[in-house]
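Colleague: Sequence:
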Amino acid sequence: RKTMASSMTLSVLVALSLVACSAAFLSSPSSFAPRAQGKSISQRLTPSIGLRSPVLPQKLASSRRSIQGALNLAAKVKAEYIWIGGRGGGGDDYRAKTRVLDTMPKSVDDLPLWNYDGSSTGQAPGEDSEVYLKPAYMCKDPMRSGDAILVLCEMMNPDMTPIPTNTRTEAAKIFEGHEAEEPWFGIEQEYTLFQDGVPLGWPKSGARPFAETSPLYQFGYPGEQGPYYCGVGYDVSFGRLICEEHLDYCLAAGLDVSGINGEVMPGQWEYQVGPAVGINAGDQLHMTRFLLHRVCEENGVVCSFDPKPIPGNWNGAGCHTNFSTKKMREDGGLKAITDACDKYGIAHEKHIKLYGAGNERRLTGDCETNSIDSFKYGVADRGASIRIPRFTDRDGKGYLEDRRPASNMDPYVVTALMFDTGILKGDTTAFDHVA
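First residue of the sequence shown: 5, per our numbering; consecutive thereafter.
Since the hints were derived computationally from the structure, they do not count as laboratory data. Careful, some of the hints might be misleading.
In silico DMTMM-like cross-links for lysine to aspartate or glutamate, where the CA-CA straight-line distance does not exceed 25 Å [to be verified]:
{"no.": "1", "residue 1": "Lys-401", "residue 2": "Glu-84"}
{"no.": "2", "residue 1": "Lys-138", "residue 2": "Glu-334"}
{"no.": "3", "residue 1": "Lys-429", "residue 2": "Glu-405"}
{"no.": "4", "residue 1": "Lys-354", "residue 2": "Glu-334"}
{"no.": "5", "residue 1": "Lys-347", "residue 2": "Glu-334"}
{"no.": "6", "residue 1": "Lys-401", "residue 2": "Asp-260"}
{"no.": "7", "residue 1": "Lys-101", "residue 2": "Glu-84"}
Take these sequences, add in the hints, and give me the full structure.
Modeller: Here it is in C-alpha coordinates:
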(Lines of atoms letter the chains of each structure in order from A and count residues from 1; the text may use other names and numbers.)
(Lines give C-alpha, C1' and ligand atoms only; values in the text may rest on other atoms or scores of the structure.)
Protein backbone atom coordinates (compact mmCIF):
# COMPACT_ATOMS: atom_id res chain seq x y z
CA ARG A 1 0.00 0.00 0.00
CA LYS A 2 2.80 2.35 0.88
CA THR A 3 4.39 1.64 -2.48
CA MET A 4 1.09 2.24 -4.32
CA ALA A 5 0.45 5.47 -2.38
CA SER A 6 3.94 6.77 -3.09
CA SER A 7 3.53 5.92 -6.76
CA MET A 8 0.18 7.71 -6.96
CA THR A 9 1.57 10.77 -5.16
CA LEU A 10 4.50 10.93 -7.58
CA SER A 11 2.15 10.63 -10.57
CA VAL A 12 -0.01 13.47 -9.28
CA LEU A 13 3.01 15.72 -8.74
CA VAL A 14 4.32 15.02 -12.23
CA ALA A 15 0.91 15.71 -13.75
CA LEU A 16 0.56 18.97 -11.86
CA SER A 17 4.03 20.04 -12.98
CA LEU A 18 3.17 19.31 -16.61
CA VAL A 19 -0.07 21.29 -16.34
CA ALA A 20 1.77 24.24 -14.77
CA CYS A 21 4.43 24.17 -17.47
CA SER A 22 1.83 23.93 -20.22
CA ALA A 23 -0.14 26.83 -18.76
CA ALA A 24 2.95 28.97 -18.51
CA PHE A 25 3.93 28.11 -22.08
CA LEU A 26 0.46 28.85 -23.47
CA SER A 27 -0.01 32.04 -21.47
CA SER A 28 3.28 33.63 -22.56
CA PRO A 29 4.69 32.14 -25.75
CA SER A 30 6.90 35.15 -26.33
CA SER A 31 8.77 34.38 -23.12
CA PHE A 32 10.45 31.45 -24.84
CA ALA A 33 11.09 33.11 -28.19
CA PRO A 34 14.48 34.57 -29.19
CA ARG A 35 14.69 38.32 -28.45
CA ALA A 36 17.28 39.48 -30.95
CA GLN A 37 15.25 42.52 -31.87
CA GLY A 38 13.57 43.05 -28.51
CA LYS A 39 16.47 42.86 -26.11
CA SER A 40 16.46 45.31 -23.25
CA ILE A 41 19.25 47.86 -23.09
CA SER A 42 20.76 45.93 -20.22
CA GLN A 43 20.85 42.68 -22.19
CA ARG A 44 22.51 44.36 -25.15
CA LEU A 45 25.12 46.21 -23.13
CA THR A 46 26.14 43.67 -20.50
CA PRO A 47 28.12 41.30 -22.75
CA SER A 48 29.82 44.16 -24.56
CA ILE A 49 31.26 46.26 -21.75
CA GLY A 50 30.77 44.16 -18.67
CA LEU A 51 28.10 46.27 -17.03
CA ARG A 52 26.32 44.84 -14.05
CA SER A 53 22.57 45.14 -14.44
CA PRO A 54 19.82 42.69 -13.56
CA VAL A 55 17.88 41.42 -16.56
CA LEU A 56 14.14 41.93 -16.29
CA PRO A 57 12.53 38.60 -15.35
CA GLN A 58 10.73 37.03 -18.30
CA LYS A 59 7.49 36.65 -16.37
CA LEU A 60 7.48 40.33 -15.43
CA ALA A 61 8.39 41.35 -18.98
CA SER A 62 5.48 39.29 -20.28
CA SER A 63 3.15 40.90 -17.78
CA ARG A 64 4.25 44.34 -18.87
CA ARG A 65 3.51 43.48 -22.49
CA SER A 66 0.05 42.28 -21.53
CA ILE A 67 -0.56 45.40 -19.48
CA GLN A 68 0.54 47.54 -22.41
CA GLY A 69 -2.25 46.08 -24.52
CA ALA A 70 -4.77 47.05 -21.88
CA LEU A 71 -3.35 50.56 -21.72
CA ASN A 72 -3.77 50.95 -25.47
CA LEU A 73 -7.43 50.05 -25.09
CA ALA A 74 -7.84 52.45 -22.18
CA ALA A 75 -6.09 55.27 -24.10
CA LYS A 76 -4.33 56.53 -21.01
CA VAL A 77 -1.25 58.78 -21.14
CA LYS A 78 1.75 58.44 -18.84
CA ALA A 79 3.23 61.86 -18.08
CA GLU A 80 6.58 61.89 -16.31
CA TYR A 81 6.80 65.19 -14.42
CA ILE A 82 10.49 66.16 -14.05
CA TRP A 83 11.98 68.85 -11.88
CA ILE A 84 15.31 69.99 -10.44
CA GLY A 85 16.02 69.15 -6.80
CA GLY A 86 17.66 71.15 -4.04
CA ARG A 87 21.21 70.82 -5.37
CA GLY A 88 20.29 73.01 -8.34
CA GLY A 89 20.61 72.80 -12.11
CA GLY A 90 24.07 71.25 -12.33
CA GLY A 91 22.72 67.98 -13.66
CA ASP A 92 23.07 65.71 -10.63
CA ASP A 93 19.68 66.20 -8.98
CA TYR A 94 16.71 65.38 -11.16
CA ARG A 95 13.47 64.24 -9.56
CA ALA A 96 10.50 62.71 -11.36
CA LYS A 97 7.14 61.10 -10.76
CA THR A 98 4.40 59.85 -13.04
CA ARG A 99 0.91 61.21 -13.50
CA VAL A 100 -1.63 59.28 -15.59
CA LEU A 101 -3.75 61.49 -17.83
CA ASP A 102 -6.97 60.66 -19.66
CA THR A 103 -5.98 62.35 -22.91
CA MET A 104 -2.82 63.46 -24.69
CA PRO A 105 -2.23 67.21 -24.17
CA LYS A 106 -1.94 69.24 -27.35
CA SER A 107 0.58 71.61 -25.77
CA VAL A 108 2.36 72.14 -22.47
CA ASP A 109 -0.35 74.67 -21.55
CA ASP A 110 -2.90 71.85 -21.40
CA LEU A 111 -1.02 70.06 -18.62
CA PRO A 112 -2.26 70.46 -15.04
CA LEU A 113 -0.27 71.93 -12.18
CA TRP A 114 1.00 69.38 -9.68
CA ASN A 115 3.01 69.49 -6.47
CA TYR A 116 5.64 67.60 -4.50
CA ASP A 117 7.11 67.40 -1.01
CA GLY A 118 9.79 70.07 -1.05
CA SER A 119 10.95 69.15 2.45
CA SER A 120 12.26 65.87 1.01
CA THR A 121 14.30 67.59 -1.70
CA GLY A 122 15.80 70.38 0.41
CA GLN A 123 13.54 73.03 -1.11
CA ALA A 124 10.91 73.72 1.56
CA PRO A 125 10.39 73.41 5.33
CA GLY A 126 8.34 70.54 6.69
CA GLU A 127 5.60 72.83 8.04
CA ASP A 128 5.01 74.31 4.56
CA SER A 129 6.31 71.60 2.29
CA GLU A 130 4.25 71.76 -0.89
CA VAL A 131 6.05 73.11 -3.95
CA TYR A 132 4.09 73.52 -7.16
CA LEU A 133 5.15 71.96 -10.45
CA LYS A 134 4.37 74.19 -13.41
CA PRO A 135 4.84 72.39 -16.76
CA ALA A 136 7.20 74.34 -19.02
CA TYR A 137 8.37 71.95 -21.75
CA MET A 138 7.27 68.55 -22.98
CA CYS A 139 8.40 65.92 -25.44
CA LYS A 140 7.80 62.25 -26.20
CA ASP A 141 8.98 59.77 -23.56
CA PRO A 142 11.09 57.36 -25.63
CA MET A 143 11.74 54.94 -22.78
CA ARG A 144 8.10 53.96 -22.29
CA SER A 145 5.78 52.22 -24.68
CA GLY A 146 2.33 53.51 -25.49
CA ASP A 147 1.30 57.13 -25.10
CA ALA A 148 3.92 58.68 -22.82
CA ILE A 149 5.50 62.10 -22.45
CA LEU A 150 8.26 63.79 -20.47
CA VAL A 151 7.26 67.05 -18.80
CA LEU A 152 9.94 69.45 -17.56
CA CYS A 153 8.58 71.71 -14.83
CA GLU A 154 9.36 74.96 -13.08
CA MET A 155 9.27 74.80 -9.28
CA MET A 156 6.99 77.46 -7.82
CA ASN A 157 5.83 78.74 -4.46
CA PRO A 158 2.07 78.69 -3.76
CA ASP A 159 1.92 82.36 -4.86
CA MET A 160 3.46 81.23 -8.20
CA THR A 161 6.78 82.95 -7.65
CA PRO A 162 9.87 80.83 -8.43
CA ILE A 163 11.70 79.07 -5.62
CA PRO A 164 15.47 79.83 -5.45
CA THR A 165 16.56 76.73 -7.41
CA ASN A 166 14.18 77.60 -10.24
CA THR A 167 16.44 79.59 -12.58
CA ARG A 168 14.28 79.05 -15.64
CA THR A 169 11.72 81.74 -14.79
CA GLU A 170 14.31 84.55 -14.62
CA ALA A 171 16.19 83.27 -17.66
CA ALA A 172 12.99 83.31 -19.72
CA LYS A 173 12.42 86.94 -18.73
CA ILE A 174 15.86 87.90 -20.08
CA PHE A 175 15.11 86.34 -23.48
CA GLU A 176 11.53 87.62 -23.58
CA GLY A 177 10.92 90.48 -25.98
CA HIS A 178 14.18 89.98 -27.88
CA GLU A 179 13.06 87.33 -30.32
CA ALA A 180 14.30 89.43 -33.26
CA GLU A 181 17.88 88.85 -32.09
CA GLU A 182 17.43 85.11 -32.77
CA PRO A 183 19.91 83.90 -30.14
CA TRP A 184 21.16 80.45 -31.13
CA PHE A 185 22.99 78.14 -28.77
CA GLY A 186 24.88 74.93 -29.39
CA ILE A 187 25.90 73.24 -26.14
CA GLU A 188 28.61 70.58 -25.93
CA GLN A 189 27.86 68.46 -22.87
CA GLU A 190 30.79 66.38 -21.61
CA TYR A 191 30.32 63.68 -18.97
CA THR A 192 32.17 60.78 -17.39
CA LEU A 193 30.82 57.26 -16.87
CA PHE A 194 31.63 55.64 -13.52
CA GLN A 195 31.20 52.11 -12.23
CA ASP A 196 32.25 50.92 -8.78
CA GLY A 197 33.70 54.35 -8.02
CA VAL A 198 36.04 54.63 -11.01
CA PRO A 199 35.57 55.77 -14.62
CA LEU A 200 34.92 53.10 -17.21
CA GLY A 201 38.26 52.00 -18.67
CA TRP A 202 40.18 52.75 -15.47
CA PRO A 203 42.08 50.45 -13.09
CA LYS A 204 40.26 47.25 -13.99
CA SER A 205 40.36 47.79 -17.76
CA GLY A 206 42.59 46.18 -20.34
CA ALA A 207 43.67 49.51 -21.80
CA ARG A 208 47.12 49.25 -23.29
CA PRO A 209 49.70 51.79 -22.04
CA PHE A 210 50.62 53.49 -25.31
CA ALA A 211 53.80 55.05 -23.94
CA GLU A 212 55.30 51.60 -23.28
CA THR A 213 56.39 48.81 -25.62
CA SER A 214 54.84 45.95 -23.67
CA PRO A 215 51.06 45.47 -23.57
CA LEU A 216 51.55 43.88 -20.12
CA TYR A 217 52.94 47.09 -18.62
CA GLN A 218 49.99 48.13 -16.52
CA PHE A 219 49.91 49.95 -13.19
CA GLY A 220 46.13 50.16 -12.85
CA TYR A 221 45.72 53.25 -15.05
CA PRO A 222 45.07 53.59 -18.77
CA GLY A 223 47.79 54.79 -21.09
CA GLU A 224 48.30 58.54 -21.34
CA GLN A 225 45.80 60.73 -23.17
CA GLY A 226 45.84 60.80 -26.93
CA PRO A 227 44.34 57.56 -28.26
CA TYR A 228 40.94 57.99 -26.60
CA TYR A 229 39.59 61.14 -28.26
CA CYS A 230 37.16 59.84 -30.90
CA GLY A 231 38.99 56.51 -30.55
CA VAL A 232 37.70 53.22 -31.94
CA GLY A 233 38.51 49.89 -30.30
CA TYR A 234 37.79 47.78 -27.24
CA ASP A 235 40.80 49.12 -25.35
CA VAL A 236 40.32 52.80 -26.15
CA SER A 237 36.53 53.22 -26.12
CA PHE A 238 34.68 52.61 -22.85
CA GLY A 239 30.91 53.00 -22.65
CA ARG A 240 30.15 53.62 -26.32
CA LEU A 241 26.89 51.69 -26.25
CA ILE A 242 25.54 53.85 -23.46
CA CYS A 243 26.42 56.93 -25.50
CA GLU A 244 24.73 55.42 -28.58
CA GLU A 245 21.64 54.34 -26.64
CA HIS A 246 21.32 57.81 -25.17
CA LEU A 247 21.53 59.34 -28.64
CA ASP A 248 18.78 57.03 -29.90
CA TYR A 249 16.49 57.96 -27.05
CA CYS A 250 17.10 61.69 -27.49
CA LEU A 251 16.34 61.55 -31.20
CA ALA A 252 13.24 59.44 -30.57
CA ALA A 253 12.08 62.09 -28.09
CA GLY A 254 12.43 64.77 -30.75
CA LEU A 255 15.31 66.55 -29.03
CA ASP A 256 17.86 68.45 -31.13
CA VAL A 257 20.95 66.38 -30.37
CA SER A 258 23.33 67.01 -33.24
CA GLY A 259 26.22 64.66 -32.50
CA ILE A 260 28.26 62.49 -30.12
CA ASN A 261 31.94 61.65 -29.69
CA GLY A 262 34.42 60.07 -27.35
CA GLU A 263 36.43 62.58 -25.33
CA VAL A 264 40.09 62.99 -24.40
CA MET A 265 40.00 61.15 -21.06
CA PRO A 266 39.06 57.45 -21.13
CA GLY A 267 35.50 56.92 -19.93
CA GLN A 268 34.54 60.45 -20.95
CA TRP A 269 32.01 61.28 -23.65
CA GLU A 270 30.28 64.25 -25.22
CA TYR A 271 27.04 65.02 -26.99
CA GLN A 272 25.92 68.26 -28.58
CA VAL A 273 22.53 69.95 -28.28
CA GLY A 274 21.39 72.53 -30.80
CA PRO A 275 21.23 74.83 -32.43
CA ALA A 276 18.38 75.78 -30.14
CA VAL A 277 16.87 79.21 -29.67
CA GLY A 278 16.74 81.12 -26.40
CA ILE A 279 15.23 79.38 -23.38
CA ASN A 280 14.66 76.24 -25.44
CA ALA A 281 18.39 75.47 -25.29
CA GLY A 282 18.23 75.05 -21.52
CA ASP A 283 15.03 73.01 -21.70
CA GLN A 284 16.54 70.58 -24.18
CA LEU A 285 19.84 70.21 -22.32
CA HIS A 286 18.01 69.34 -19.09
CA MET A 287 15.88 66.76 -20.91
CA THR A 288 18.96 65.14 -22.46
CA ARG A 289 20.69 65.03 -19.08
CA PHE A 290 17.63 63.39 -17.53
CA LEU A 291 17.57 60.73 -20.24
CA LEU A 292 21.29 60.10 -19.81
CA HIS A 293 20.78 59.42 -16.11
CA ARG A 294 17.91 57.06 -16.93
CA VAL A 295 20.01 55.08 -19.42
CA CYS A 296 22.83 54.81 -16.89
CA GLU A 297 20.39 53.83 -14.13
CA GLU A 298 19.24 50.82 -16.12
CA ASN A 299 22.78 49.68 -16.72
CA GLY A 300 24.45 49.95 -13.33
CA VAL A 301 26.56 52.95 -14.31
CA VAL A 302 26.74 56.43 -12.78
CA CYS A 303 26.97 59.53 -14.96
CA SER A 304 29.12 62.30 -13.47
CA PHE A 305 29.12 65.94 -14.52
CA ASP A 306 32.02 66.76 -12.21
CA PRO A 307 34.31 69.25 -14.03
CA LYS A 308 37.50 67.46 -12.94
CA PRO A 309 36.64 63.84 -12.10
CA ILE A 310 40.29 62.69 -12.04
CA PRO A 311 42.98 65.03 -10.65
CA GLY A 312 46.29 65.52 -12.39
CA ASN A 313 47.16 65.59 -16.07
CA TRP A 314 43.76 64.39 -17.26
CA ASN A 315 41.27 66.52 -19.13
CA GLY A 316 38.35 67.84 -17.16
CA ALA A 317 34.76 67.94 -18.36
CA GLY A 318 33.26 71.12 -19.74
CA CYS A 319 30.07 72.33 -21.30
CA HIS A 320 31.36 74.58 -24.08
CA THR A 321 28.58 76.89 -25.20
CA ASN A 322 28.44 78.14 -28.78
CA PHE A 323 26.50 81.33 -29.31
CA SER A 324 25.39 83.58 -32.15
CA THR A 325 22.71 86.09 -33.01
CA LYS A 326 21.17 86.95 -36.35
CA LYS A 327 23.57 89.89 -36.71
CA MET A 328 26.59 87.67 -36.00
CA ARG A 329 25.51 85.22 -38.68
CA GLU A 330 25.09 87.90 -41.33
CA ASP A 331 27.84 89.45 -43.50
CA GLY A 332 30.14 91.55 -41.35
CA GLY A 333 29.01 89.75 -38.21
CA LEU A 334 32.57 89.21 -36.98
CA LYS A 335 32.52 92.75 -35.53
CA ALA A 336 29.48 91.88 -33.39
CA ILE A 337 31.28 88.70 -32.25
CA THR A 338 34.45 90.48 -31.14
CA ASP A 339 32.36 93.21 -29.47
CA ALA A 340 30.61 90.51 -27.44
CA CYS A 341 33.97 88.93 -26.56
CA ASP A 342 35.22 92.27 -25.23
CA LYS A 343 32.13 92.53 -23.03
CA TYR A 344 32.67 88.99 -21.76
CA GLY A 345 36.19 89.94 -20.75
CA ILE A 346 34.92 92.86 -18.68
CA ALA A 347 32.33 90.63 -16.97
CA HIS A 348 34.67 87.63 -16.61
CA GLU A 349 34.50 87.42 -12.82
CA LYS A 350 30.71 87.63 -12.82
CA HIS A 351 30.44 84.83 -15.36
CA ILE A 352 32.98 82.52 -13.73
CA LYS A 353 31.06 82.58 -10.45
CA LEU A 354 28.03 81.22 -12.31
CA TYR A 355 29.71 78.79 -14.71
CA GLY A 356 29.67 75.70 -12.48
CA ALA A 357 30.84 74.54 -9.05
CA GLY A 358 34.41 73.24 -8.84
CA ASN A 359 35.40 74.88 -12.11
CA GLU A 360 38.63 76.13 -10.55
CA ARG A 361 39.88 72.52 -10.56
CA ARG A 362 39.37 72.41 -14.33
CA LEU A 363 40.37 75.89 -15.53
CA THR A 364 44.06 75.68 -14.64
CA GLY A 365 45.65 76.79 -17.89
CA ASP A 366 46.48 73.18 -18.77
CA CYS A 367 44.56 70.46 -20.59
CA GLU A 368 43.00 72.77 -23.20
CA THR A 369 41.85 75.46 -20.77
CA ASN A 370 42.72 79.04 -19.94
CA SER A 371 43.36 79.96 -16.31
CA ILE A 372 40.26 80.82 -14.33
CA ASP A 373 42.02 84.01 -13.19
CA SER A 374 42.45 85.51 -16.66
CA PHE A 375 40.49 86.07 -19.87
CA LYS A 376 41.48 85.94 -23.51
CA TYR A 377 39.90 85.10 -26.84
CA GLY A 378 41.44 84.01 -30.10
CA VAL A 379 40.94 82.29 -33.42
CA ALA A 380 41.06 78.47 -33.23
CA ASP A 381 42.64 78.74 -29.76
CA ARG A 382 41.47 75.94 -27.49
CA GLY A 383 43.58 77.37 -24.70
CA ALA A 384 41.52 80.56 -24.72
CA SER A 385 38.48 81.52 -22.66
CA ILE A 386 36.54 82.06 -25.87
CA ARG A 387 37.43 80.50 -29.20
CA ILE A 388 36.47 82.07 -32.50
CA PRO A 389 36.31 79.25 -35.08
CA ARG A 390 38.61 79.59 -38.07
CA PHE A 391 35.67 79.40 -40.48
CA THR A 392 34.07 82.34 -38.65
CA ASP A 393 37.26 84.37 -38.97
CA ARG A 394 37.61 83.44 -42.65
CA ASP A 395 33.98 84.21 -43.55
CA GLY A 396 33.68 87.32 -41.39
CA LYS A 397 30.55 85.93 -39.74
CA GLY A 398 29.40 82.97 -37.68
CA TYR A 399 29.56 82.24 -33.96
CA LEU A 400 31.77 82.14 -30.86
CA GLU A 401 32.50 79.33 -28.40
CA ASP A 402 32.64 80.10 -24.68
CA ARG A 403 34.92 77.37 -23.32
CA ARG A 404 34.64 78.39 -19.66
CA PRO A 405 31.37 76.71 -18.58
CA ALA A 406 31.89 73.53 -16.56
CA SER A 407 30.09 70.29 -17.34
CA ASN A 408 27.85 70.90 -14.31
CA MET A 409 26.79 74.39 -15.37
CA ASP A 410 23.15 75.48 -15.19
CA PRO A 411 22.16 75.97 -18.85
CA TYR A 412 19.44 78.50 -18.01
CA VAL A 413 21.95 80.68 -16.17
CA VAL A 414 24.77 80.40 -18.72
CA THR A 415 22.70 81.00 -21.86
CA ALA A 416 20.78 83.91 -20.33
CA LEU A 417 23.98 85.44 -18.96
CA MET A 418 25.77 85.17 -22.32
CA PHE A 419 22.85 86.83 -24.07
CA ASP A 420 22.48 89.56 -21.46
CA THR A 421 26.19 90.43 -21.30
CA GLY A 422 26.99 90.08 -24.99
CA ILE A 423 23.87 91.63 -26.51
CA LEU A 424 21.79 93.45 -23.92
CA LYS A 425 22.86 95.84 -21.15
CA GLY A 426 24.71 93.20 -19.15
CA ASP A 427 23.30 94.41 -15.86
CA THR A 428 21.16 91.47 -14.79
CA THR A 429 21.31 90.50 -11.11
CA ALA A 430 18.78 87.71 -11.53
CA PHE A 431 21.26 84.97 -10.64
CA ASP A 432 23.26 86.63 -7.89
CA HIS A 433 21.66 84.28 -5.34
CA VAL A 434 22.94 81.26 -7.28
CA ALA A 435 26.59 82.30 -6.99
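Colleague: Output the numbers, in ascending order, of every earlier hint that fails for this structure.
Modeller: Violated hints: 1, 2 and 4; rest satisfied.
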